[in-house]
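Engineer: Chains as they are written, first to last, in the working numbering: chain V, 9 to 261; chain Y, 197 to 497; chain H, -5 to 378; chain W, 1408 to 1745.
Honestly, the hints are just simulated from the structure, not real lab data.
Each hint should be verified, as a subset may be incorrect.
[To be verified] Here are the simulated DSS-like pairs of lysine-lysine, each with C-alpha atoms no more than 25 Å apart in a straight line:
(1) Lys81(V) x Lys1514(W)
(2) Lys52(H) x Lys210(H)
(3) Lys102(V) x Lys1483(W)
(4) Lys181(H) x Lys1483(W)
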Amino acid sequence: MSNSILELQLLRKNFGGVVAVSDLSLDIEKGSITSLIGPNGAGKTTIFNLVTGFLHPSSGHIRFAGRVLNKIKPHTIAAIGIGRTFQNVQIFPKMSVIENIMVGRHLRSRAGIFYSSILPPFLRNEEKLIRAAAEKQLTFLELEQYAHVPAGGLPLGNQRMLEIARALAIEPKLLLLDEPASGLNARETIAMGELIEKIKQMNITVLLVEHDMELVMDISDHVAVINFGRLIAEGSPAEIQENDDVIAAYLGE
Amino acid sequence: MNHTDGTFIDVLQFLILGIQRGSIYAMVAMGFNMIYNATGIINFAQGEFVVLGGLMMVTLTMAFNLSIVFSFILTVLFVIVVGILMERLTINPVKHPTVLRLIIITIAVSIIIKGVAMCFWGKGSHYMRHFSGTAPLEFFGATILPQTLWIFAILFFVVIAYIIFFNYTMTGKCMRACAINRDAARLAGINDRKMVMLSFALSAGIGAIAGIIITPIIQMDYARGAMLGLKGFGAAVLGGLGNSMGAVVAGVLLGVLEALGAGYISSHYMDAIALVILLFVLFIRPSGILGSSEAMRLKEF
Amino acid sequence: MKKRILILSMAITILLAFSTPYVFAEPADYHVGCVFAVTGSASWLGEPERNTAEMIAKEINAAGGINGHKLVLHIEDTQGDNTRAVNAVKKLIKKDNVCAIIGPSRSGTSMAVLPVIAESHIPLISCAGAEVIVTPVEERKWVFKVPQKDSDAVKRIYDDMAAKGIKDIAIITGTTGFGAAGRDQLKEIAAEYKINIVADETYGPADTDMTAQLLKIKNAGAKALVNWSIVPAQSIVPQNMQQLKMTIPLYQSHGFGNIKYAEAAGEAGNGIIFPGGRLLAVDTVPEDNPQKKVLVSYKEDYEKNFHEPVSTFGGHAYDSLWILVNALKKVGDDPAKLRDEIENTHFVGTAGVFNFSPTDHCGLNKDAFEMLMVKDGKFVVLKD
Amino acid sequence: MKGKNSAGFFALVISIIAIPFIITNDYYIGVLVFAAFNCLACIGLCLLMGYAGQISIGHGAFVAIGAYTSGILTSKLAWSPWLAMLCGVLIVIVVAFSLGIPALRLKGHYLAMATLGFASIVHIVAVAAVDLTGGPSGIVNIPRLDLFGYVLNSDTQYYYFSWSVVALAVFIAFNLVNSRVGRGLQAIHGSEDAASSLGINITSYKVQIFILSAVFSSISGSLYAYYMNYIDPGPFGVMHSVLLVTMVAVGGLHNIWGALIGAIALSLLPEFLSFLSDYLQVLGIHYQPDYDTLVYGSILLIIMLFLPEGIFDGLASTLRGSKSFYGKLAGRRTGRVQ
């Protein structure tokens, strides 16, 4: 167990009378790409929201690198080292592409409202570092030519890339990607798969929710299948592809 | 003088006064709710409908010497037309509304209505004769004006009409459907744009009625809209935004609290009492004291 | 960006430069400023004042002006708002270069503009009632006022109460400048008449309901009520009293002197007693009264021109403008000379017979008042 | 600050210095002084509304608190104007903090109504607390401001002083919006969820910017009190708060220059209208200052319907000759649905 970075223990979330996540336990291995799959409404995004502090569990525990995350707010969780993207892309449409990524450097810089207002010399240096780091991410994702374009004007594929670049800018240990390939064409999906593998090579653990099975089976080290808020199977992609419960869940009983 | 009796009569007097004021807040709150349910918009010009109703009624009865009933109908129709114009000209054309933009648009409309009212009716306050005389009636030692009875009766009538409309007529049911789920209602063949227009018309109508019945008592002037609107909104929030029966109860409650506050705390801060309650409710329980927080979560803020 | 800002600032500059037509007006004209609450909650004061001032200026200019100088009035509307009044006075002095100012209509507004007047050394003849506007006279070198004194009004009210044997009274006053000044006077003078104030309530100028205050007054056992205010809210008091079936006599201040207030009070207003100028009951003023001629001619002119009943307040504008015109006739438009001239004026006006002096910038005494009563929506002189 | 903004700033400073040489009438300089007060409040409001996306129809209340604190402390307790102004700022920080913590959890209409209610309460207190505020009669004899023992007596002196404060505020605002904090605020406006997933403490940022904008308003109020030497509740009604929002919205929510232009334009509008009325008179139209309210409302409505990004953006687009301007006129912009 010492090798897992995120542990979910008997995690449960109720909305009024509806149980969205039901006593779910799951370990995510450090440095792996783990995928959560399951039908719509299975509770995958709820798990993401629980891990990143947007929702708080009704019972059970979330442990990240040994620390319990149950009641911690999203911004603190980001500071602990968990980055995420959103199912419906949430970039900052009015800001330029580079500024979007610069927001991601928030945790790696310190200037408060007072110093920002008067801009003393030592802050100019910090500002330069922020910009340099953002440019590095841009280059990594090959978005340099869009640097000064308002992010809202980018095509969807690039918006998803930008969202990942922004999440990477906080230098997370764990990255949660919520359907990164949805709405992308075949070529873009392949590029996305390559990107996720590159991220893994940077020693960042990836937790993925995705409906594109080809992509999931291609890049995942480990797959967990969820239905009605319960874990119904987990294992390597090959094991999952042959699991009867999974086939039943996907085809309907 | 018997002081125990005196105290009782005072309280009774304040209660009467409070229910009278509260009836107006209740009607303003109902107006807020109608538009909110149909569109998710809070209409900042709601108070101006009340003012327009009051001022128009003053002109028709005092300057043109028309009968009360005839002026009443004419005034309500006039304000309904204003409400429809507002929706057609300023809300309907906005294709990609943001909350901020809609807020500012309704504020702009309220400024314009206020400006027009000031140009037509001037800045002074306007008084109007009571519907049926000013000789007060005895009521368990307290006194009550005939106009106050009119206000109670008309509020009662409006509430009944409201219930019948929304529960027993097709159009009313369609409006409710739109309020619950606009997309589903549209799929069911309901013309939601028309419902929005209708909601503005009805809400303007209710505002006008409120203005008409209160004017003989408070003397209307062009600038009263903002305060009436704010207090009406307070009632709407207290009753749970979107819940019109809650709004009626909350409006009356707010009026009574205000009257008791004026009597036993300070009459100078009377207007502030309703606003302080509004802030407290917003801060502690935005879903309203009488509304359910579960239902609130489903609504967009 | 820079260019755009420059264009903008140039545009503004040109705009402003063109909009100064008055500065280049003929030097021979006499420029007089008027600050009245033409609109707003005190419009029943300011409107007749403006009408009167315009009427007089027209008359004077039609007759060839003042010693050949045309009289130019610069009328500013304060809307009864103190801040607007201060701005208006600054504008009149700085932009329109007036030699004297008449108004403002309200006591609060007058108090607000005093510092500007003291600083700029321009004479001001206020049309507002409160006595503090012109006292202490050492600090009010440039300020005069034409309405009757509020202390005299209080004395007339207390005289009437004393005659009727009323000892325990309640007062209810507006929180405006006029009301606050009246409240001070009512309390101060009460001791002199051995009158006992059993309840002291106030209301704001925008209040719409005084039931709460009146209930307290009712419970305090007062035998009469004095309602001292200048704004329309004062006419709600008699209505609320009627609603509460309160039958004690209601006294109003001289701020009630517009028939519209009585109309607004409706039938509840019947029987209200208040001290007012003779202008409100011209018909009952005896022929030998020195004011009779002035009163009749002003009333006829005003009612002929504007088709509405004359009011005390229009009379204040009449008095102040004529006092100023008489001074202009004698000494020209030098502000300092004007001030000295006004300070020694003797003038028979609508409010009474004025005798200004270096120690008295009001010039009227309590004989300027008659006790009036509202009867069937009209003012009549109260006979003992 | 850099690029276009520093050029703009330079132009602003030059204009500030040059205008009194062109306009010599004290009255108009006085009008520009009032414009400066509005600019100051609007810059703060623009940071809050345009950048952080939080509406406030209550900033007139902060102007009032600044003005009244200054007025009361200097006239009744004979404090130094500077100390009184500082005290006003401190009080506003406390008030804005206590109001901001619960209020900024609300969104959209609720926040708008809560701030409007707050503004209304402050106005009621100003009218009713007669012993403290003088009630409707207000406070007289507020001293003038002195600068190192040198009293700012003339309008021109006060003009230079107040516009220097505005220039400083513009400088601060531009530094802020192009900094880490500014990006954080714009991120909150863009998407609160995304912002917090990047480690931005939304509540803290919203409250901080709310306080900063309130402080701008408070200083504007104090300067107003020292310039007028007199205050009463009249100018601090709910309508003043609405007017400030109008200025920012008309000029352009998303740009400091927009707020500045909106504030200047609407502050000068009554003068322009009274100037226009002299000419309309010739045409037989009797324009009265009463119609000003109507004109304000109409301008606001027209801008919101046809140029929702404000005059500044509209102007900028026209100057660029961009097609998107016409797109905006037709209201066909995408990606703005909320």
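Engineer: Taking the hints in turn, state whether each one holds.
Structural biologist: Hints versus structure:
A threshold of 25 Å between alpha carbons decides the hint, and for Lys81(V) with Lys1514(W) the separation of about 19 Å falls inside it, so the pair holds. Taking the CA atoms of Lys52(H) and Lys210(H), the gap is about 51 Å. The hint is violated against a cut of 25 Å. In summary, the hint linking Lys102(V) to Lys1483(W) is not supported, as the alpha carbons are separated by about 49 Å, beyond the 25 Å threshold. For a cut-off of 25 Å, the pair hint linking Lys181(H) to Lys1483(W) stands: about 24 Å separates their Cα positions.
Of the hints listed earlier, those the structure fails to meet are numbers 2, 3, in rising order.
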